[in-house]
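Residue-level listing of the chains:
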Amino acid sequence: MHNCKETREIFTELLLDGMDFRSDQALSAELSRCSDCRSEFEVLSATLRLTNRLGETAAPAEDYWTGYHSKLRQSLVKAQAESSTSRAKAQRHKDELGPLFEPLRPRAGTSLFARFFKTTVPVPLPLAVAVIAAAALLIPFAIRAARVQHSNTTTVVRVPVEVPVVQEKPTEKIITRVVYRDRLVVKATTPAKDATRAESTFAKSQKSEGEAMPSSLAGFKPSDEVKLTVIKGGVPNEK
Amino acid sequence: MTERDTDAASDIDLVRRAQAEDIDAFCLLAERYARRIYLLAAHYCRNPQDAEDLSQEVWLKAYQAVQTFRFDSSFYTWLRRITINAFLNHRRSSFFRRNGQTMSVQLLQIDSEEQQVFFESSSRAQENIYNKLLFESVVNALAELTPAQRLAFLLRHYEGMTYEEIATAMNCSIGTVKKGVWRAIGKLRARLSPESDAQETLTNFASEY
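If you read the protein sequences in the order shown, they are chains E and V.
Counted the way our numbering counts, the first sequence spans residues 1 to 239.
Counted the way our numbering counts, the second sequence spans residues 1 to 209.
Hint data in this document are derived by calculation from the structure and do not stem from the laboratory.
From the three backbone atoms N, C-alpha and C, an ideal C-beta is built for every residue, glycine too.
Don't take each hint at face value.
[As the list claims (entries may be wrong)] Here are the simulated DSS-like cross-link-like pairs (lysine-lysine), alpha carbons at most 27 Å apart as the crow flies: (1) Lys61/V to Lys78/E; (2) Lys179/V to Lys5/E; (3) Lys61/V to Lys89/E; (4) Lys89/E to Lys78/E; (5) Lys94/E to Lys78/E; (6) Lys118/E to Lys94/E; (7) Lys178/V to Lys5/E; (8) Lys71/E to Lys61/V.
[Claimed, not checked] Footprint (simulated), chain V over chain E, 3 or more residues, beta carbon under 8 Å: (9) 40-51; (10) 66-75.
[As the list claims (entries may be wrong)] Simulated restraints, written as ranges between beta carbons of each label pair: (11) Glu62/E to Ser10/V: 40 to 50 Å; (12) Gly175/V to Cys4/E: 13 to 23 Å; (13) Glu62/E to Gly175/V: 40 to 50 Å; (14) Ser70/E to Phe71/V: 51 to 61 Å; (15) Thr85/E to Phe71/V: 42 to 52 Å; (16) Phe117/E to Ser10/V: 54 to 64 Å; (17) Arg17/V to His2/E: 56 to 66 Å; (18) Met19/E to Ser74/V: 34 to 44 Å; (19) Arg16/V to Thr85/E: 36 to 46 Å; (20) Gly175/V to Ser28/E: 57 to 67 Å; (21) Asp36/E to Gly175/V: 38 to 48 Å; (22) Ser73/V to Glu82/E: 20 to 30 Å; (23) Arg92/E to Ser173/V: 27 to 37 Å; (24) Glu6/E to Arg16/V: 23 to 33 Å.
Construct all of the structure, not just a fragment, from the sequences and the given hints.
The following block contains the structure:
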């Protein structure tokens, strides 16, 4: 069964590889079956042939290459000079610093730890004197600065303190109510006068009662204790 | 021993000498492969001056890295890897730095004078205007591609590399490479096919010439 897509993929890859399709019998058979594929093959073949010719024809002339290679040679010489300069610089640094680290280089039989403590490094005398003098000057200052800093610093010690929490206990509430009640007057006084007196006394007591005390006991909490004293008598000062 | 074996042996010998900082040996290697590298660069850059700069840069990088050549492949395979990296770096840096525009816009910016200079540098191109038109058509077709697609097509068509090799060299998938190559073929076919105007012009010129 002919498949145009597959056939075109195959001959495109063959053309890109520069192979001759006539060597491929299967492809030749496929192309002979389909005129569209055959024309597509011819177009593509011509296109890629043209691009191949481009590679052959677009190359610069021979005299161009003389200048090209001389320019390249100059670039290479310059690059080599730069490379050798940087290498020489690196070697010089190595030569200068190398003897300093020579004692620390690994040797058979001695450990690095032992070599570290046994190694002596030659130092120029002026440099050594300067280092010792600087140390001698700086150490007292450093000690003093450390002491001052130590004295100035306030140490904050955190001690947990337990603060007693006072809880209010419900106190006993005592309410004294004085109730005045009229008493029957036994004395032999004039009834009218007694009645008036009694009436006025009662009204007075009622009035004072209404101002000072609530008319009922409602509103007291159960925890409250009400102490009620009942004083019998008609006269307020009489007990 | 065939001629190719002799060349290969000679390559190895020249590389060994180049590793010993023999510039002459390296220049001999450059003379041997400079045309191939230059043509790749010319197709890639579509500008003769850029092609020269890029190909010179490739050779300079190759010289600086020649100490790392381990003789596990042919010298040209190793050189081609350096070339591809240089092209990709060129794409990332100079192309976008210089233009910051799309490839089709850059195509319009190709000065006809520059093309003239390029063709004047080739005596064969001077003689044959057909080649000039052909080059222009191919360059215009390639200019419509992205740099990666163009490079994939060049490596597949001119260098004969497999899709796997190209994908490895360009650090992308095989599918991306195939897509780029087929897209390039489509563009070239549209530009250069017999029914296109460009091809008609080319044919007329060819018949007149």
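### Query
For this structure, which hints from the list above don't hold up?
11, 14, 15, 18, 19, 20, 21, 23, 24
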